[in-house]
Amino acid sequence: MPELIINPGVEIRNSKFELYQFRMRLAIASGFVMFMFFLLFVRFFYLQVIQHEHYDTLAEANRISIVSIVPNRGIIVDSAGVLLATNYSAYTLEIMPHKVDNIEALIDQLATVVEITPKDRRRFKKLTEESKSFESLPIRNRLSDEEIARFAANRYRFPGVEINARLFRQYPQGEVFSHVVGHIGRINQRELDNLVESGLDANYRGTDYIGKVGLEQSYETQLHGTTGVEEVEVDSGGRAVRTLSRSAPVSGNNLVLKLDAKLQEAVYRAFGNNRGALVAIEPSTGGVLAFVSKPGFDPNLFVDGIDPQNWRELNESIDRPMLNRALAGTYPPGSTFKPFMALAALFYGKRRPEQAISDPGGFQFGNHFFRDDKVGGHGAVDMYKSIVVSCDTYYYMLANDLGIDNIAKFMGQFGFGSRTGIDITGESAGILPSQAWKMKRFRQKWYAGETISVGIGQGYNTYTPLQLAHAIAAIANDGVMYRPHIVDYVENIVTRGRTVVEPQPLRKIDIQPEHLQVVKNALVGVNKEGTGARAFAGAPYVSAGKTGTAQVIAIKQGEKYVESRVAERHRDHALFVAYAPADAPRIALAVIVENAGFGARAAAPIARQVFDYYLLGKQPTPIGVDKDSNDASPD
Amino acid sequence: MPHLIKRVSRLLTAHLDVQLLLVTALLMAVSLVVIFSGSNQNLLRVSSQMINMLVAFAVMYAFANIPPHFLMRIALPLYVFGVMLLVCVALFGDIVNGARRWLHVGVTRIQPSEIMKIAVPLMLAWYFDRYAKSLRFTNYIVAAALLFIPVGLVVRQPDLGTAMLISAAGCYVLFLAGLSWRIIIGLAVAGAASLPLLWSIMHDYQRQRILTLVDPSQDPLGAGYHTIQSTIAVGSGGILGKGWLQGTQTHLDFIPERTTDFIFAVYSEEFGLLGNVLLLFLFMLVIARGMVITANAPTLFTRLFGGAITLTFFTYAFVNMGMVSGILPVVGVPLPLISYGGTSLVTICLGLGILMSIQTHKKLVQS
Chain A
1 MPELIINPGV EIRNSKFELY QFRMRLAIAS GFVMFMFFLL FVRFFYLQVI QHEHYDTLAE
61 ANRISIVSIV PNRGIIVDSA GVLLATNYSA YTLEIMPHKV DNIEALIDQL ATVVEITPKD
121 RRRFKKLTEE SKSFESLPIR NRLSDEEIAR FAANRYRFPG VEINARLFRQ YPQGEVFSHV
181 VGHIGRINQR ELDNLVESGL DANYRGTDYI GKVGLEQSYE TQLHGTTGVE EVEVDSGGRA
241 VRTLSRSAPV SGNNLVLKLD AKLQEAVYRA FGNNRGALVA IEPSTGGVLA FVSKPGFDPN
301 LFVDGIDPQN WRELNESIDR PMLNRALAGT YPPGSTFKPF MALAALFYGK RRPEQAISDP
361 GGFQFGNHFF RDDKVGGHGA VDMYKSIVVS CDTYYYMLAN DLGIDNIAKF MGQFGFGSRT
421 GIDITGESAG ILPSQAWKMK RFRQKWYAGE TISVGIGQGY NTYTPLQLAH AIAAIANDGV
481 MYRPHIVDYV ENIVTRGRTV VEPQPLRKID IQPEHLQVVK NALVGVNKEG TGARAFAGAP
541 YVSAGKTGTA QVIAIKQGEK YVESRVAERH RDHALFVAYA PADAPRIALA VIVENAGFGA
601 RAAAPIARQV FDYYLLGKQP TPIGVDKDSN DASPD
Chain B
636 MPHLIKRVSR LLTAHLDVQL LLVTALLMAV SLVVIFSGSN QNLLRVSSQM INMLVAFAVM
696 YAFANIPPHF LMRIALPLYV FGVMLLVCVA LFGDIVNGAR RWLHVGVTRI QPSEIMKIAV
756 PLMLAWYFDR YAKSLRFTNY IVAAALLFIP VGLVVRQPDL GTAMLISAAG CYVLFLAGLS
816 WRIIIGLAVA GAASLPLLWS IMHDYQRQRI LTLVDPSQDP LGAGYHTIQS TIAVGSGGIL
876 GKGWLQGTQT HLDFIPERTT DFIFAVYSEE FGLLGNVLLL FLFMLVIARG MVITANAPTL
936 FTRLFGGAIT LTFFTYAFVN MGMVSGILPV VGVPLPLISY GGTSLVTICL GLGILMSIQT
996 HKKLVQS
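Protein chains in written order, with our numbering: chain A, 1 to 635; chain B, 636 to 1002.
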C-alpha cells in the first residue's frame, strides 16, 4: 500500500478524518484491482494450464487439414493387353450444395459462363437426390480450356463452385464388354453404409466412385488401391499454406483377363441384330474366353451418374439391355439337355448305348400324347441316333424311366441349378426341378407327367447360358469341372507381381470314361451328320455339339409349332452347346439366340464362327437369320 | 557551463515521474514486439506505431507540465462542450455499422464519446472539490445527474462499451468522494434488480454478445467466432507460449483484429502464462504508482481525478484481457499501451501525464 506520509500543508484544507477516509476508499479500490487481476490470473491458469491440452488440440485442428489423395484405379485389360477399362484426367465444374442457397439460380448463372445442357441439369438433380451430404457434385464434366478460362475469370461470382481435376473412368470397348467389365458409379448411401460397416470407409475418404456391377464391382478391393494422406497447414480461409506430411497413395491393381477382346467382339458382331448370350470357356482351366450378353449398353453413361432420359430408355427398352443374359438370364435348355440325360441313363443303367427304342412320333403318357418334332417318328433309335437326330420320344421315355429325383441328383453334379461361382456377382442359380423343390416352391406334389418334358429340357427346368457352358465344358474335360473365372491374374503395378486366379477344380463327376465316350461320339456325330452338320460343313477341325430349341410359350396339344404364325417375341429360343477340337478340347461354349427359332439355324452358325476364329484365326461375319422362312429342320 | 546544462535538464524533466515513465516505456517495447508478430512482421505497422508513441510521449510531457489547477479551470467548459457534441451526434451524427457515433467536423470526423472518458471524471472531480466544504446528499444527486446525462447519450448511440467505461470512471469518482456505503449497496441491489429491464432495452447485437459469452459454441462461425478463436489462442499458448512469431492461431489468420483489440490473444499465444503474469505485473506497477501518487495528492480534485485515471487504466486492461480470454463480452476496448492505434495510446498517455503533473505540482499548490 502507498506510503502514508502526511503532508502538513494539506491538513490546512482537509481534516485528518477526510484524508483517512479517502485513503480507506483508495485501499479498498486497490484491493478490488488486485482481486480482479487475480481473477484474470485464475482464468489464464485455467485456460493455459488446466485446459491447455484441450485448446492445443483445437488449435491443431484449426491449423491442420487432412487431405486424402485418391489412388488411381487399376485398369482392366484382356489377355492380349487391349484396354477394357482405363482412366483419363479431365476438369469438372463442381457445386458444393451445402454452401449454396438457391441452386437453381446458381446453375442459371453458371449457364451464362459455361454451357450447361438440360441433360446436365437433370443428371445433377438426380445426383443431389442420392448424394451424401457435404460432397461436391459435378454439374459439368470435361470442360474445355476455354470454358475453364471463362469460369476462372468469373469465379468470384460463384462461391461454392469449384473446378477440379479428376480421373475419369473410361470403357473404350463400350457395350461389347458392358456385361463383363461392368462399370463404376458414384458411391451411394447404401454403399457408404456397407463401407463403414466393413471398416473400409477410411480408405474411401476422398473417393467418389465405386464398382457397381461386373468385374468393377467384384474386384473392387483390388482395383481401388490405398488412399494416401496429406497433412496440410491451412489458414482460417481454408487455403493451404504448406504441406506437413504426406503418405503417397498406392494405385489399385490391374486386372488381366482370360477373355480375348477380339473374340468377344467377334461374337458380339456375329449375333447381328439378334438378342442373346454366349459364354465360351477353356475346359482345362475354367477360364472364360468370351462372355457376351446382347444387347449391351454403353457403360460410360454410368460413370458420372446416368441422366434420367438415358436411364429410362435403358430400363424401358423391350430388349432389356441391362439384363446380363449370360449370367442371370434363365432359359429352358431344350435339346441341349439330352446329352446329359443320356449320361444319366448310362449312369443309372436304364439304357445301354446300343439299346434301341421305336419312335412312333411321340409318347403316350396317361391321356397326354407327348409329340415328337418329326411327324411319324424316327423309327428305331439307339443312343447315338437319339442325340444326332435329337429324338424327343427317346428322352420322353427315358425321363419317365429315370424319375425326376434321379435326374435332379445326376444333373446337380454338372452344376445345373446351382451357381457356378464365377468371379462376377449377380449370377442366377436357375431351376433344377425335383419333388422336394416343387414342394418347397409350390407346396404341391410332383406329377409323374411333369418329368416327361424335363427329359427334353422343357418344363420347370431353366438354366443360365453360363451354367450350360460350364456343363458342356465338364463333358469336354472328361468330367473334371473348374470354377469359371474371367480374370486370369491380378497385377500389382508397382512390383509387377502377379496374383494368378488359379484354376480351381470344383469336382470330378462320377461317370465311367466309356459312358462319356459314347456321348462324346454322339456329339461329334451331331456336327458331322446331324442337326449341326449344316453349320459345321467343311470345318477343318472335328467339333462336338448339340442343338436346342427352347419354347417360349406352351403349344397346345396336337398343334404344330409354325414359326411364322407366332409373334416375334413368342418365338422359340435357339440354343447350341459345343466344344472343339473334339479330341483335345480347347474351347467349350453355350450360345442362345432369343426368339430365333431352331438352334441349328440361328445358334450353331455363331458357334462355328467362334471356333473358326479361335482355332483358325478367321474373322467372323454377322449372321442374318431370315426369321420368316419356314424350312424347319428338326432339332 | 555543466551547471547550466544540469539546471536546464532539471527544469525540462522536473515534471516527469521516472517510475511511470519507465514502466510505460517497457510496456510500449512489449507492444512493438507483439505488433511485429501480430501484423505478420509488417515493419510499416511497427514504425507507424512508433510515431504514435512519439506523439503520445509529447502529449504526456505536455500534460505533465500543465498544473492541475489549470485542468480545474477547463473542467466545466470541456464537459459542457462534450455534452453539446454528444447532442449534435444524436441529431446529425454519421451512422457507421448501425450506430450513430461519429460527428463531421470540417475535413475529419470525431467520436465525442472519447472526449467524455476524460471530461466526465474531470468534471466530477472538479464538482466535488468545489463543494468539498459543505458536501450534502444533494451534491451526490447532482453528481449522478452530471454522470448520467453523457452516459445516457452514449448509450443511445448505441455504444454500450464506451458508456460503461465512462460510467465506470464517474462511479470511481463518486466512490472515492465518499459516497456512503448504504447508497452504494442500495445502488448495487437496484442495479441487479434492473438487469431484466436493461436486457429489454438492449439492441439485438448487444444481447447476442452477452449470449455468445455464455455459450460461444452457439454460433461458432458468427458472433462466437472471435471469442472462440481468441480463447483457443490463449489456451493453446500453455505455460511458456509457442514462442515469438510462432503462434499458429495468429499467423494463420484465426485471430481477428490481431494488432488492435485482440492483440492480447497474440501475446498470450506466443508468450504463454509466464508472459501473461509479466504483463499483469507491469500493469500493476502502473496502477500501484498511480495509487501512490493519488494517495499523496494535495487537493481533493487531484485525488479524485488521479484516482479515477488510475482505476480507468485498470478497467481498460481488465476489460480487454477479460474479453480476449472469454469472460467478458466483446466490446471495443483496446489493451492500454499495447494495442495498435494512436487515439487510445494518446488518451492513456494523457492520463499518465496528468498523474505525473499531480505528483510534481504539489509544491506549487502548497505555496
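No lab work stands behind these hints, which were simulated from the structure alone. One or more of the hints may lead you astray.
To be verified - Residues from chain A shown here face chain B by an in silico Cβ test under 10 Å; the list is partial:
1. Gln21
2. Arg63
3. Ala202
4. Val234
5. Asp235
Just so it is clear, the structure is predicted and the values come from calculations on it, not from any experiment. Just so you know, even glycine gets a beta-carbon here, dropped at the ideal spot from N, CA and C.
| Hints violated by the structure (listed by number, smallest first) | Failing hint: just 3.
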